[in-house]
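Here is how the chains run, residue by residue.
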Amino acid sequence: MNREPSKIQRRRTDIFHTASPTVLNLISIPSGILLGLILGAVLIVIAGADPIASYKIMFSSSLGGKNQIIETLIKACPLLLIGLGLSASFKAKVWNIGAEGQYYIGALFGWMVGMYGTALPKPVLIPLMLTAGLIGGSLWGLLPAILKIKNGMNVIISTLMLNYIAILIVQYLARGPLQEPGGFLPRTAKLERIARMPQMFGTRLHLGCVIALLLVPVVYYIFTSTPLGFKLRAVGSNPKVAKYAGFNVNLAIFIALIFSGALAGMAGTIEISTAYQRLQSSISLNYGFNGVLIALLGRTNPWGVLLTSIFFAALTIGVENLHVVIGLPVSLSDAIQALVVLSVMVVDSYIRKKAS
Amino acid sequence: MGSIVEMQGIIKSFPGVTANAGVDFDLKKGEIHSLLGENGAGKTTLMNILYGLYKQDAGTISINGEQVNFMNPSDAIAHGLGMVHQHFMLVQRFSVAENIILGQKSSREPRIDDLNLIGKKLTEISDLYGLKVNPHAIIWTLSVGEQQRVEILKALYRGAQILILDEPTAVLTPQEVKEFLEILKRLTSEGKSIIFISHKLSEVMEISDRISILRDGKKIETVFAKDTNERDLARMMVGREVNTNFEKKVAEPHEVRLQVEHLCANNNRGLEALHDVSFDVRAGEILGIAGVAGNGQNELEEVLSGLRKSTSGKKIVCGKDITNMPPHKVGIARVAHIPTDRYKTGLISDFMISENAVLQRIDREPFTKHGSLQWKKINEEATSLVKRFGVKTPSIKTKAGKLSGGNAQKLILARELARDPYVLIAAQPTRGLDISAIEYVHHALIEQRDLGMAILLFSTELTEILSLSDRIAVIYEGRIIGIINREDADILEIGLMMAGIKRPSSTLEQTGVIES
Chain V
1478 MNREPSKIQR RRTDIFHTAS PTVLNLISIP SGILLGLILG AVLIVIAGAD
1528 PIASYKIMFS SSLGGKNQII ETLIKACPLL LIGLGLSASF KAKVWNIGAE
1578 GQYYIGALFG WMVGMYGTAL PKPVLIPLML TAGLIGGSLW GLLPAILKIK
1628 NGMNVIISTL MLNYIAILIV QYLARGPLQE PGGFLPRTAK LERIARMPQM
1678 FGTRLHLGCV IALLLVPVVY YIFTSTPLGF KLRAVGSNPK VAKYAGFNVN
1728 LAIFIALIFS GALAGMAGTI EISTAYQRLQ SSISLNYGFN GVLIALLGRT
1778 NPWGVLLTSI FFAALTIGVE NLHVVIGLPV SLSDAIQALV VLSVMVVDSY
1828 IRKKAS
Chain S
32 MGSIVEMQGI IKSFPGVTAN AGVDFDLKKG EIHSLLGENG AGKTTLMNIL
82 YGLYKQDAGT ISINGEQVNF MNPSDAIAHG LGMVHQHFML VQRFSVAENI
132 ILGQKSSREP RIDDLNLIGK KLTEISDLYG LKVNPHAIIW TLSVGEQQRV
182 EILKALYRGA QILILDEPTA VLTPQEVKEF LEILKRLTSE GKSIIFISHK
232 LSEVMEISDR ISILRDGKKI ETVFAKDTNE RDLARMMVGR EVNTNFEKKV
282 AEPHEVRLQV EHLCANNNRG LEALHDVSFD VRAGEILGIA GVAGNGQNEL
332 EEVLSGLRKS TSGKKIVCGK DITNMPPHKV GIARVAHIPT DRYKTGLISD
382 FMISENAVLQ RIDREPFTKH GSLQWKKINE EATSLVKRFG VKTPSIKTKA
432 GKLSGGNAQK LILARELARD PYVLIAAQPT RGLDISAIEY VHHALIEQRD
482 LGMAILLFST ELTEILSLSD RIAVIYEGRI IGIINREDAD ILEIGLMMAG
532 IKRPSSTLEQ TGVIES
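Chains as they are written, first to last, in our numbering: chain V, 1478 to 1833; chain S, 32 to 547.
Worth flagging that the hints you see were computed from the coordinates, not collected in a lab. Please read these numbers as outputs of a predicted model, since none were measured by experiment. Be careful, since some hints might not be right.
[To be verified] Incomplete in silico selection of chain S near chain V, CB under 8 angstroms:
id	residue
1	E97
2	I379
3	T399
Glycine included, C-beta positions come from ideal geometry on N, C-alpha and C.
Turn these sequences into a full structure, and let the hints steer you where they fit.
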């Protein structure tokens, strides 16, 4: 009797069934963004503004021209670096939630080198700063790695807790031993020009951003074309089989945490030598936590991470401009951002459920 | 006697497959009617339709002469059906009684039923049918056999008159199977009717009144058990002659390849699981480890493959001491391993077949060159292995988890043999496979033996041990009770040894005395 509708329904789910994961991502992420923007439009109307005009402002201010695109890329840089690092970690199902802390320690290390290494020529100083950032971040990833491998401690908890320790260390230093000489605010002295990331191609696009963009194909290559990428995926997929196959599961956990920590640390150094130029109580717009979302929404695929981090950056710049241009409250922009992220995840899980 | 269940012309197709192509099936009151067929023959689909889990595309179902149209299992349960799935549906941390009332409306809402009262009712039912279970025991403390009894009890408690049992013996030890078949007989003598899904010929022959054979979604025939034999059943099931007792050459063992000396190891709870285990395996022979499941076979398998550390003793491969070396070193010593749990240990189910086919060799030439994976070589190797071992799959890019049991096992076998091992550890290599796949695996093992491989076979199926092994070691409570040559082996004696009883003196002199 009701056989007909069930057949139609089955055929509809078959489309999802036969679709490859890439196709699924291509369906789910744009439709999720669309849904989020529609829901956001409701909020904008309630706030008394025209949603279409608002979205036009958001788009033109973030992706509407060369300069806008460059600003968006600069904003996306820390998110992209952290997202790339966390992708490696999440591939191995090592849930590093500590990128924020790794970013802070990386920033601290980079700042130290930049502050006290000014005697060095710039082509030496900048790479040295970046290396210091990598080392700082990976040291902060090393701690949870040791705790996990030696004592089996839950990575989520250890990395999460280490965030607060890292932030508090930087805050203490910024108002204590490293405070700006003669200053009142809890912040360190400004880095000199020599310790700032060089700008490239006659634009505001800086070296850090270029490095981050170049890392996308590199990380993609590691994931798809090296035994290391294979083993990280194997450990994440089924550690029991990985062990049976003779892969070193602990080494994979170690590499996952060090790699994601290092990239987060480098992101910290880059931000400290471009946007902030000094250590202060806050040097991050939740980059470490948003990086988790970006790695997950980007499906731990470096190209996906690139797209999502640009999208996040564009959204942030867009809603900031809404505040400036038509005076919508900043909290509204946060709400729209959250709605978009939630919508993408809802649509994504819905489609995936249909597909399985 | 009239039919209590009558299914006519059942057709059911899924995208790309016709699972049932016009199947007729009927069940008479008080009988055990077996559904026999290889994996994928459509047995489970047919029963899921009867139980309301799927809806047929065409065909009719009648229960007690009344045509029914089940929308879901609750409808089926209301009509007196009960189904026990191959994988149990029990909450591990709940007691037996709590599992029984789970999903049932309580008689005193909003409070749950009085568990003591439920316990008493359960004891009554279980006494009637011989289903011994403590109603207040927590599920995870029960053995697999006991958990299965709980599932049956659940169906009976809900008033089932017709029981559908999907491959119920696949998870049981030989002793438990025996007990289980007794329970089934008891149930039918109390007026219940049973549909028994299986692909094990001997069990089907032992307990059925009638047997229906399915192949490729069609019913081949329904026969009375008393009018048929295993050979005919196998032929109908597979569609050709099956050679169950194949000929094999006498083994020609050469040098010792694997030496195990005084090995001891603990289980996961830190208790001693292996005690002073010693044996050796020579090139060109199969040593079978016989024993009831849970007597240390898993621990021994893991110690030998490097997945578990031994507490004392030695493990030597081709003269090289590899005691407590990690799995990849064991691999380098050319020990290959077909693990007991092929899906959880043997294959990464969400990796492609190609990736699984070169799993351990992924970082070696030619699959990795200058630090970079050579996908072309990997795909070539996978394609050739799939072809050579007859793994049925649409593509080498298919996820390994989509393979049927037999094909998954062929893939593992292919991969392990491609590593060109000196020693092969084959643990439960045919568990859950259908006849054709079992035949394939057995032939492959014998072929490798004849080519000079040293094979250590773990199996809880005594018939498998007897038909493949050249020597048999019986394990009981973590000790090797004895090692005997296949020619001298006597089922009765091995059975006693599996139960921990070893006769005091040499087997050769006393065999006749015991048997008379």
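Okay, the hints, checked on the actual structure:
1. Interface hint at E97 (chain S): violated, since its Cβ lies 18 angstroms from the closest Cβ of chain V, which is beyond the 8 angstroms cut-off.
2. Interface hint at I379 (chain S): satisfied, since its Cβ lies 5 angstroms from the closest Cβ of chain V, which is below the 8 angstroms cut-off.
3. Checking T399 (chain S) against chain V by beta carbon gives a least distance of about 5 angstroms; that is within 8 angstroms, so the hint holds.
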